[in-house]
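The residues making up each chain are set out below.
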Amino acid sequence: MELSLIDVRKEFDRFAALHDVSLDIRSGELIALLGPSGSGKTTLLRLIAGLDFPTEGEIRFGDEDASRKTVQERNVGFVFQHYALFRHMTVAENIGFGLKVRPRGQRPSRAEIRRRASELLDLVQLSGLESRYPGQLSGGQRQRVALARALAIEPRVLLLDEPFGALDAQVRRELRRWLREIHDRTGHTTVFVTHDQEEALELADRVVVMSQGRIEQVGTADEVYDDPNSPFVYGFIGDSSSLPVRVEGADIWLDDRAIGLGNPGLPDGPATLYFRPHDVELLDGCGGCIAGTLAASRRVAGTRRVELEIGGAGHVVEIELPVDHPAAQKSRIAFRPRRWKLFQV
Amino acid sequence: MKPSAAALPRPARPRRFRDPTAESAAVKWALVATALLFLALVLFLPLAAVFGEALRRGWRVALESVADPDALSAIRLTLLVAAIAVPLNCVFGVAAAWAIAKFEFRGKAFLITLIDLPFSVSPVIAGLVYILLFGAGSFLGPVLNSWGLQVLFAVPGVVLATIFVTFPFIARELIPLMQDQGTGDEEAALSLGASGWQTFRHVTLPNIRWGLLYGVLLCNARAMGEFGAVSVVSGRLRGETVTMPLHVEILYNEYNFVAAFAVASLLALLALATLVLKAVLERVYERGLGAGPGH
Numbered sequence: 001m002e003l004s005l006i007d008v009r010k011e012f013d014r015f016a017a018l019h020d021v022s023l024d025i026r027s028g029e030l031i032a033l034l035g036p037s038g039s040g041k042t043t044l045l046r047l048i049a050g051l052d053f054p055t056e057g058e059i060r061f062g063d064e065d066a067s068r069k070t071v072q073e074r075n076v077g078f079v080f081q082h083y084a085l086f087r088h089m090t091v092a093e094n095i096g097f098g099l100k101v102r103p104r105g106q107r108p109s110r111a112e113i114r115r116r117a118s119e120l121l122d123l124v125q126l127s128g129l130e131s132r133y134p135g136q137l138s139g140g141q142r143q144r145v146a147l148a149r150a151l152a153i154e155p156r157v158l159l160l161d162e163p164f165g166a167l168d169a170q171v172r173r174e175l176r177r178w179l180r181e182i183h184d185r186t187g188h189t190t191v192f193v194t195h196d197q198e199e200a201l202e203l204a205d206r207v208v209v210m211s212q213g214r215i216e217q218v219g220t221a222d223e224v225y226d227d228p229n230s231p232f233v234y235g236f237i238g239d240s241s242s243l244p245v246r247v248e249g250a251d252i253w254l255d256d257r258a259i260g261l262g263n264p265g266l267p268d269g270p271a272t273l274y275f276r277p278h279d280v281e282l283l284d285g286c287g288g289c290i291a292g293t294l295a296a297s298r299r300v301a302g303t304r305r306v307e308l309e310i311g312g313a314g315h316v317v318e319i320e321l322p323v324d325h326p327a328a329q330k331s332r333i334a335f336r337p338r339r340w341k342l343f344q345v
Numbered sequence: 001m002k003p004s005a006a007a008l009p010r011p012a013r014p015r016r017f018r019d020p021t022a023e024s025a026a027v028k029w030a031l032v033a034t035a036l037l038f039l040a041l042v043l044f045l046p047l048a049a050v051f052g053e054a055l056r057r058g059w060r061v062a063l064e065s066v067a068d069p070d071a072l073s074a075i076r077l078t079l080l081v082a083a084i085a086v087p088l089n090c091v092f093g094v095a096a097a098w099a100i101a102k103f104e105f106r107g108k109a110f111l112i113t114l115i116d117l118p119f120s121v122s123p124v125i126a127g128l129v130y131i132l133l134f135g136a137g138s139f140l141g142p143v144l145n146s147w148g149l150q151v152l153f154a155v156p157g158v159v160l161a162t163i164f165v166t167f168p169f170i171a172r173e174l175i176p177l178m179q180d181q182g183t184g185d186e187e188a189a190l191s192l193g194a195s196g197w198q199t200f201r202h203v204t205l206p207n208i209r210w211g212l213l214y215g216v217l218l219c220n221a222r223a224m225g226e227f228g229a230v231s232v233v234s235g236r237l238r239g240e241t242v243t244m245p246l247h248v249e250i251l252y253n254e255y256n257f258v259a260a261f262a263v264a265s266l267l268a269l270l271a272l273a274t275l276v277l278k279a280v281l282e283r284v285y286e287r288g289l290g291a292g293p294g295h
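In order, the protein sequence lines correspond to chains S and B.
The first sequence begins at 1 in our numbering and counts up by one.
The second sequence begins at 1 in our numbering and counts up by one.
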């Protein structure tokens, strides 16, 4: 099922949670809505589900306008951050609920519902737990049951709201891989919300980066990481360092010296240079480079992070060195970013 | 080589430290004794006196006064009033709690305050309000009378007054419970295709069942025991509009102490039965609050 959002706007009490968002989701795609809290990602997901309605704009399921349809009519599978399993029902009853509440004509027989439930339990690798209650399951197991329950109604799209947010790191990583497998096997168009960039980059076909009710960038993991289109995306995805610089003609200037990077075509004036701390080239001499005095140095796992004070204004940037690199012993370090981006201020 | 056991230093016996929040035994017992003494004075003693007085002239007399036609009629009316008031307040309580806990709307705080009104207003005033509304000098009374519906000094008035006094019990019990549970389960049910009614029946109601039962019990206890408001609107027509509490008072004023206390004992027994039921439910409920299968 293809999804399109066209100029969707959502206001709560005159506060705009989403500003004219447009997005096309291809059939069978696994999409992540990524952003800090308050960026509108969950609001967007709830609008797609029909748990909320847009103030303006259109939500299309394939060729059909679903904007005014109820959540029941849209036939979506929704997985909640806190599982929202029915506590007084067994696992099998939870999974069968969506089939049991169908109108008489479309309702499968009890035996059929039971069969479907155990089939889905197989899919989520929890066979044998049919008669347990949610209270007797671990968090990871509960979330799998919640997914099986959502899949039971044969949804047109699968929507997951921070599905792993309440789980600890280890289980989270496991379930991530497992969700990818399920997606590949069932082929549902899937949209999930997360604030965890690692999760989004690893799992999704395309990542939708959101901030303050707007979509900042849509792209594959490589695109949003290697080619961020805004300072926000650069700062939000992956580690980054930034420096205020000045563009003049063909060169980029830091204080009174050119740093050896060519102007990519920005007009003259102040700009901000962004680069990844690990993607730098250390230099011995400094003819066209960034140089700074060592302010602090920390060992982080397999690398050493070094804070450098640049120039008189006291800007601090972070770069990463190999643990045993001799430069870390020096008081003055010169470098040049290998890959970088310049944004006009 | 393994050292022999005898060579090992004997582990020092762990010194027992008192839990920082625990008090010494003396303080504990003093507190317990105070509470028990107080309970004995204001609860057990009067209750025992009620039963004692009822049985002063033996079981037979006590039973006879309960089997008296007027007494039987009072018992019947009390049960009837409770049987009408409790279900109505049940529906109202669930509806109000649902609205308050699951929706955002203007005037919500006002509605919550309004629900508490019967708790804060004296029951006598509640009764007087109905006199004003349905009395001879009012607008509604004569109109309803001309349709053949007598509200004041008749059973409808007694029922209305009881409903007024008891309506916060169930709503008050459910509001915090439902607010705490949020709307996640309902949204899940709706997203799975359930209708509003199916969601309520299969998801919301099971989630609140213990709280609801608890509220019903409290509401019932109060409905059977209500005196003030009912006393104002009933008119005390013996055998017609006299409930058990009113009957007790009438007998008492007639110096018929044994009969008064016999009926009072019966009322007290009903209350005790409610309390026992409540205690049982509380235990089940608490177990249900854990993550156990009884949920």
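What the hints contain is simulated information worked out from the structure, not anything from laboratory work.
Quick reminder that beta carbons are idealized off the backbone N, C-alpha and C, glycines included.
Don't take each hint at face value.
What the hints assert, rightly or not - Listed below are several chain B residues computed to face chain S (Cβ distance under 10 Å; list not exhaustive):
id, residue
1, Leu114
2, Leu177
3, Gln179
4, Asp180
5, Gly184
6, Glu187
7, Gly193
8, Ser195
9, His202
Unchecked claim - The calculated SDA-like cross-link candidates involving lysine to any residue, where the alpha carbons are at most 20 Å apart (straight line), are:
id, chain 1, residue 1, chain 2, residue 2
10, S, Lys100, B, Val284
11, S, Lys100, B, Leu205
12, S, Lys100, B, Lys102
13, B, Lys102, S, His278
14, S, Lys100, B, Glu186
15, S, Lys330, S, Thr272
16, B, Lys108, S, Phe12
17, S, Lys330, S, Pro270
18, S, Lys100, B, Pro87
19, B, Lys102, S, His82
20, B, Lys108, S, Asp13
21, S, Lys100, B, Val121
22, S, Lys100, B, Gly148
23, S, Lys69, B, Thr199
24, B, Lys278, B, Lys102
25, S, Lys330, S, Asp284
26, B, Lys102, S, Arg46
27, S, Lys100, B, Asn207
28, B, Lys102, S, Asp52
29, B, Lys278, B, Ile208
30, B, Lys102, S, Gly265
31, S, Lys69, S, Ala111
32, B, Lys102, S, Asp13
33, S, Lys330, S, Gly314
34, S, Lys100, B, Arg56
35, S, Lys100, B, Leu217
36, B, Lys102, S, Thr42
37, B, Lys108, B, Val94
38, B, Lys102, S, Asp284
39, S, Lys100, B, Val94
40, S, Lys69, S, Asp52
Consistency of the hints with the structure:
1. Leu114: At 24 Å from the nearest chain S Cβ, B:Leu114 fails the 10 Å test, so the hint is violated.
2. Leu177: Since chain S brings no Cβ nearer than about 13 Å to B:Leu177, farther than 10 Å, the hint is violated.
3. Gln179: B:Gln179 check fails; min Cβ-Cβ to chain S is 16 Å, beyond 10 Å.
4. Asp180: It is violated, given that the least Cβ distance between B:Asp180 and chain S is near 13 Å, above 10 Å.
5. Gly184: B:Gly184 check passes; min Cβ-Cβ to chain S is 4 Å, inside 10 Å.
6. Glu187: Cβ of B:Glu187 sits 6 Å from chain S, so the hint holds.
7. Gly193: With Cβ-Cβ at 5 Å, under 10 Å, it holds.
8. Ser195: 7 Å, holds
9. His202: 7 Å, holds
10. S:Lys100 - B:Val284: Since the Cα atoms of S:Lys100 and B:Val284 sit roughly 28 Å apart, the hinted pair is violated (cutoff 20 Å).
11. S:Lys100 - B:Leu205: Holds. S:Lys100 to B:Leu205 sits at ~17 Å (cutoff 20 Å).
12. S:Lys100 - B:Lys102: 24 Å, violated
13. B:Lys102 - S:His278: 49 Å, violated
14. S:Lys100 - B:Glu186: Holds - the C-alpha atoms of B:Glu186 and S:Lys100 are around 16 Å apart, at most 20 Å.
15. S:Lys330 - S:Thr272: Violated, at about 27 Å.
16. B:Lys108 - S:Phe12: The given pair, whose Cα atoms are some 18 Å apart, holds under the 20 Å limit.
17. S:Lys330 - S:Pro270: 31 Å, violated
18. S:Lys100 - B:Pro87: Violated - the C-alpha atoms of B:Pro87 and S:Lys100 are around 29 Å apart, more than 20 Å.
19. B:Lys102 - S:His82: 17 Å, holds
20. B:Lys108 - S:Asp13: 16 Å, holds
21. S:Lys100 - B:Val121: 47 Å, violated
22. S:Lys100 - B:Gly148: Cα-Cα ~49 Å, so violated.
23. S:Lys69 - B:Thr199: 18 Å, holds
24. B:Lys278 - B:Lys102: 27 Å, violated
25. S:Lys330 - S:Asp284: Holds. S:Lys330 to S:Asp284 sits at ~11 Å (cutoff 20 Å).
26. B:Lys102 - S:Arg46: The given pair, whose Cα atoms are some 17 Å apart, holds under the 20 Å limit.
27. S:Lys100 - B:Asn207: Satisfied, since the Cα-Cα distance of roughly 19 Å is no more than 20 Å.
28. B:Lys102 - S:Asp52: 14 Å, holds
29. B:Lys278 - B:Ile208: Roughly 15 Å between the alpha carbons, so the hint for B:Lys278 and B:Ile208 holds.
30. B:Lys102 - S:Gly265: 55 Å, violated
31. S:Lys69 - S:Ala111: 31 Å, violated
32. B:Lys102 - S:Asp13: Distance ~17 Å between B:Lys102 and S:Asp13 Cα, so the pair holds.
33. S:Lys330 - S:Gly314: 19 Å, holds
34. S:Lys100 - B:Arg56: 62 Å, violated
35. S:Lys100 - B:Leu217: 33 Å, violated
36. B:Lys102 - S:Thr42: 19 Å, holds
37. B:Lys108 - B:Val94: 15 Å, holds
38. B:Lys102 - S:Asp284: With a Cα-Cα distance of about 66 Å, the restraint between B:Lys102 and S:Asp284 is violated, given a limit of 20 Å.
39. S:Lys100 - B:Val94: 25 Å, violated
40. S:Lys69 - S:Asp52: Since the Cα atoms of S:Lys69 and S:Asp52 sit roughly 10 Å apart, the hinted pair holds (cutoff 20 Å).
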